[in-house]
Amino acid sequence: MTTPTADKTKSGSDRSTASYLASHLRDYGMLLALIAIMAFFQIVTNGTLLKPVNITNLFLQNSYIIIMALGMLLVIVAGHIDLSVGSVVGFVGALAAVMIVEWHWSIYLAIPVCLSVGIAIGAAQGYWIAYWKIPSFIVTLAGMLVFRGASLWLLEGQSVGPFPREFQALSTGFLPDLLPFVKTIFDVERMNGLALVSGVAIAGVLVWLGLQGRARNRAYGISGEPFVFFIVRNALVAGAIVFVAYKLSTFRGLPNVLLTMGILTVIYAFLTESTVLGRRIYALGGNQKAAKLSGIKTEWLTFLTFVNMGMLAALAGLIFAARLNTATPKAGVAFELDVIAAVFIGGASMSGGVGKIVGAVVGAFIMGVMNNGMSIMGIGIDYQQVIKGLVLLAAVIFDVYNKNKQG
Amino acid sequence: MSLLLQMQNITKTFPGVKALDQVNLDVDEGEIHAVVGENGAGKSTLMKILSGVYPHGQYDGEIRYEGEVASFSGISDSESRGIIIIHQELALVPLLSIAENLFLGNEVSKRGVIDWPQTYQRTEELLRKVGLDEAPTTKVDKLGVGKQQLVEIAKALAKDVKLLILDEPTAALSEADSQALLDLLLELKSQGMTSILISHKLNEVERVADRITVIRDGSAVSTLNARNSETSEERIIRDMVGRDMANRYPERIRNIGAPLFEVKNWNVFHPEHAERQVIRDASFTVRKGEIVGIAGLMGSGRTELAMSLFGRSYGQNISGEALLNDKPVDLSTVGRAIDAGLAYVTEDRKGLGLVLEETIQRNITLANLEAVSSAGVLNEAEEQKVSEGYRQAMNIRTPSVFQKVVNLSGGNQQKVVLSKWLFAEPDVLILDEPTRGIDVGAKFEIYGIMNQLADEGRGVLMISSEMPELLGMCDRIYVMNEGALVGELSAAEASQERIMSFIVRS
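Chains A and B, in that order, give the protein sequences. With the UniProt record's numbering applied, the first sequence covers 1 to 407. With the UniProt record's numbering applied, the second sequence covers 1 to 506.
You can take every hint at face value.
What follows is a set of in silico ranges between Cβ atoms, one per label pair, in the way DEER data are often shown:
1. K330/A to P271/B: 44 to 50 Å
2. W153/A to S174/B: 56 to 62 Å
3. L211/A to S73/B: 58 to 64 Å
FYI, nobody ran anything at the bench for these hints, they're computed from the structure. C-beta atoms are modelled at their ideal positions from N, C-alpha and C, and glycine is treated no differently.
Kindly produce the complete structure, drawing on both the sequences and the hints.
Next comes the structure, spelled out in structure tokens:
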């Protein structure tokens, strides 16, 4: 039989390590870029970057960006964009301040109300985008202006604070050391047992899951990642997790936000990779018409991604307000840009259908480490912006170049 | 009369397909030369070569124009020599005025500044020439399709056209507009213009053409003198379709049962222009184990009929009744249509059928993810087993189901789409141009799959522009034209001539 165009597929046998690397360059490239950037700043800051206090800071500073990047990834995979999240952060922070500081509401009432408001904002914007087919760029640009204005109005132009301690704990609190005996084993004075043990446990679980996956692939006769790559990658990731956990354990232990962030990352990674809902969002972004003709309720799904984004933006708003311990009308300005940049650096495609949760999180860390490292070095905000912009451009050029090369 | 254009031994090969094989076309100065043939016969390819869309070097053969050998490097090159093509899809900018459209890319200007008075003056002259009574400042989207077609011709005249090529100019026009257009062509001819008219409508061709060249399967089979009394419609139709029918279709033992899917008085209106009726009173039946064909030309409404049935994916104000196993069935959303047991395999594989950047596996399971998941969580091992099963059963030529479908050939992509819909376990499959753009071997395999589906007692509705394929595969054929089912033929009585005469005479 003659085929008009030769299939550009390689047979399993001649799939060499090199061709595997070529087709997965992006995944490894991200990880390598993060490591390279960290190594660079570790050297130029004379070791300040990876000091326990700074690692803790890195998590606290970037938690809200990462949390929003999870939602933004879904929005971008679905083929849309949300420019309003920075303003929603400001608005929800302001709302929390008014309810908690001025009206003396309990935080256990105020927090659910704030999250519901976030959901309502997402629903309001998603409605126009999904059912009226108004471009998300325009709807959320309007939202950006509306909620920036609304937070100014709520706060009457003033800063409102401080928050009670229990609310601050959302961001700056730490988990109590549930395993105090660990420090006696190592015979040191300051050592948070929970942090160290959970770090080792998580690293172990990741490696175990990886091995399981390999075994399953082998059982189905699929040639996956070459074993050398698997070992190097897992050693790097597990090593990094244990290292970070150790560093954290010598400071104040696990920050609350790290737990929130970690759990949400796992949930969203699962949602995108292993559920019907996640699969449909990728199909929607990849080819909306084909998805619709496959019986997928594309409008409803689009609506949901914005509702979800609204909720996560509200959560980020609460965490950010708790971290600053005050609500200001300027809170969250330009956050949307950091979030969107993180998702694109993480490999998502502007045209939708492509992107991974882990990529978005790594992308957010790349941005975060650069912010942090350049600040430690005392580089002015002017140069910082220029450099971040160029890194975003370089990441996307790298993507496009790769894609063209693969044809 | 002297020869204006001579195309000699034109051969054009696409990967795996010979689109044109040694075609000759001679056009005399001042004549209207019609080129007729089935969809896919190679008319458009020939015109694309003439207008430089496929530049010199991408085809074999020679073009002689105005007495010398011409090797056009692109459209602008052929246009500068006065060859202008007007495509079936109009190429006007709807929000610009008539004057702006007429001189688009060819503006009347001095040092980049447009000379509006002269632009309007010349526009008025051109509009008078084509008999269009509109102000030069009228926006094009305010005009009907017929008037837009006249603007296209005026635009060609603005470029000092010597040879005007019209590709199905009346396909979207009403009867009156078509007549006006044909009159204009005759008027231009009397002023010495040469034109090539590509058309399916034989009555129009006979009215205006001096000579007719029939193209079939990439070869020019005949050039007839339209003024000769021996040139009858029957003769043209025979030349258009008369190819030998080799045994290209797998045998099947017919076992046709009770009516499975019935549609009665189905009416559909255009999604944007609510007053335009796209489907008129269509009624048809598909029985268990039966392969039913819908013949018709492109634009006759076949796809629109299928898509309006499948979850109202096309059109508005849809009315009519659909019965499955003698019971009324709700097809109002795609989800409901799938649940009811319908599947629609689109003609637009890449645009509507596949998520190209996703893997084979993810495409196959997309329409029935429930079957490979529990409580919303995917069972990827099961998913892989299912898709691997289809890869083998359908003979999708690829080492694994983890290949992105964008990298597959057309035939393999089509098998992925078919797998996807088979996995949704439909009772009735609507296949829209299932073999378009795929090679002969894959076609045969897809015919085999269709036969197997019918053997399993399912109903298959096959839309195709390739008449031999319909005749080879179908138990019954409906003929569609301008939104209505204008004829029905059993396998025994169907022939290409009969189908074609339903189309050209309705």
